[in-house]
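> In case you want the letters, here they are:
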Amino acid sequence: MMTHDFNMPYEAEIIKRTQECSNVFTVHLRFTDPSVQAAYRFSPGQFNMVYLYGVGEVPISIVSDPQEEFLLGHSIRAVGRVTEGMAKLQVGDRVGIRGPYGRGWPLQQARGQDVVLMTGGLGCAPVVSVIDYIMRRRNEFGRVVIMQGVKHEADLIWRKQYERWSEMPDTQVLLAADVAGPKWPWLVGRVIGLLDQAVFDHDNSMVMMCGPEMMMKFTVENILQRGIKERDIWLSMERNMQCAVGHCGHCQFGDKFICKDGPVFPYTEIKQLFGRKGF
Amino acid sequence: MAPHSLYLPRHRFQDLIDTLIDAGYRCIGPQLRDATIVFDDLDSVALLPQGYIDKQGPGYYRLEQQSHQRYFAWANGPQGIKPYLFRAQETLWSVQRNADGHLHFHPQQPEPEHIAVIGLRGCDVAALSLQDAHFLSGDYADSCYAARREGLFVVAVNCSFSAATCFCNSTGDGPGVADNFDLLLSELDHGFVLEYGSESGRIIVERLNLELADDAMHAQAIEQIEHAAQQQRQLPAIDIKSSLFANLDHPRWQEVAERCLACGNCTSVCPSCFCHSEQDVPDLDASSSQHVRQWDSCFSQGHSYIHGTTVRADSKLRYRQWLTHKFSSWYEQYGRSGCTGCGRCISWCPVGIDVTEELAIICSDTGADDDA
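Taken in sequence, the protein lines are chains A and B.
For what it's worth, the working numbering labels the leading residue of the first sequence as 1, then goes sequentially.
For what it's worth, the working numbering labels the leading residue of the second sequence as 1001, then goes sequentially.
Heads up, a few of these hints could be off.
Computed beta-carbon distance windows for the label pairs [what the hints assert, rightly or not]:
id, chain 1, residue 1, chain 2, residue 2, range
1, A, C21, B, Q1301, 52 to 58 Å
2, A, E68, B, P1107, 28 to 34 Å
3, A, D170, B, Q1089, 32 to 38 Å
4, B, P1110, A, K16, 48 to 54 Å
5, A, E68, B, H1307, 22 to 28 Å
6, A, G189, B, C1263, 30 to 36 Å
7, B, H1307, A, D170, 32 to 38 Å
To be clear, the hints were calculated from the coordinates, so they are not data collected in a lab.
Beta carbons are placed, not taken as given, at the ideal position from N, Cα and C, and that holds for glycine.
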């Protein structure tokens, strides 16, 4: 039997496809080789390289629950050559998957603490598995505050899921849209504007962020002023990735390779260049 | 020179090539092509650039034939060993799609090959270690690189001559070769002092049945390295690693960007640059596709592209990325600078940007005014 090199994908079949909003869709996948499916494990915050036949690969975070044994979920925004092609895939179509890669969220470290999730746009995707993970072990964590901001109210996906989470014990869900109509029940403004309503223990909480870098930069500055310690802030970073194993060089951020050293970083590790143009 | 150094007369250099070929190696060595010296298959001493020296300067490379008989009296050409291990383009895997849309992936492992490269200098031997660290260390050793590296036999040469662009003495990587070789040559007027640095090297040396080198030969070999160490260029003798990140807003970045063409010549000739892109090349009938990687450059438009935007949209940010990575970030990644002082980026830059000059200006406390 030929060995399977880490840089070569495995075939996976689309079992379910959901159009989340105009340009975001979710595919639920199953490896066609049952032994690959059985052996696959990931941690929340890790990503896969998803391959579209004849076109190429893109790094996509995993949205499914790590304990979900049957399907692997990827929420994808159709924005480039590969993802626009992927948007046309239907149930039964085959793609390639290799992974998982990178460092995920510090969930062990967050045990016993309040968990504050601040996301923007499709940045909500890499933390869905965190929320699922915590909800399964609800008594091992303190309060959970979920804050999600979008540009336009139409960009909000998983509205029902947010409503469901808001009914969980000690859980607060706060949503914001920069642009929204009169029926939008939540904040009209930036995700940062939700902080005044957020209730959590500033001395015993872990803040996890994912979203546009400028949104994260202003949010970090804001919460540092509120007394959150640098070491309690974790961010999921994003750069061009082609190999996912620290070889191709595209994802370098100063001395870090986002793909293998991250994509999730403690703020203290990247603060020197964080938000700096050109890195 | 090691005590077991031997003397290989020049008229027996062909024996070394033949012995390597007999031992099963594909022999690669320097030869003249396109008015430069490149590495290619070598089975005869007649192909070696005998009598040539190279004249190098910013944006300048010329070969000159002289009256001497030496094979290695030149410093370097545009190409080191990099293309033999980390190919400029290669297929990583292929995939077939059958009629019902099922995908079948096939790895494309290179056949292990035994290659002997003759003529690597200190800068390139050091760069080989850097590429090893990048492609082989950590959880994901690159199998294509590893397959070729495994069968590599290095015949290194101590430099007896430095080009005007060389600054290996200040990076600590030359002009002599300290380690990581199988055989090491010091070229004298009539032959070579030869030593081995590995068991495979010892086996080759034994087959050659040579006399020991004498003290005068050793002395001359050392004197030549000392002579080559008198180089016109050097890195500024300051803490470049910290200075670069302390000077991210230095006006010189903009000044150099106005000259830089973002052509990527520097990263192509650099023996340590490892960036590559991956892309799919589907067959015309769409029944299969090759997943290919090829060298990329941090100077290219697409290098920092991410969902609709480009992190480094202009040459200023790209040049800064190249320099800060090579001379600073590399320390954290691989424990040393990513530059081995070969000077190729200076010679092969079409507008003659000199990295030693840029570093001296950017890292100096007084800024650009002193030198502009």
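> None of the hints should be skipped; say for each whether it holds.
Structure-based check of each hint:
1. Judged by the Cβ atoms, the range 52 to 58 Å given for A/C21 and B/Q1301 is violated: they are separated by roughly 30 Å.
2. A C-beta distance of roughly 29 Å is found between A/E68 and B/P1107, which places it inside the suggested range of 28 to 34 Å.
3. As the Cβ distance of A/D170 to B/Q1089 is approximately 56 Å, the hint placing it in 32 to 38 Å is violated.
4. At about 39 Å, the beta-carbon gap between B/P1110 and A/K16 misses the expected band of 48 to 54 Å.
5. Restraint check, A/E68 to B/H1307: a C-beta distance of roughly 26 Å satisfies the suggested window 22 to 28 Å.
6. The supplied range of 30 to 36 Å is broken by A/G189 and B/C1263, whose beta-carbon atoms lie about 46 Å from each other.
7. Range check, B/H1307 to A/D170: Cβ separation about 35 Å, and the 32 to 38 Å hint holds.
Comparing the model with each numbered hint stated earlier shows that hints 1, 3, 4 and 6 do not hold.
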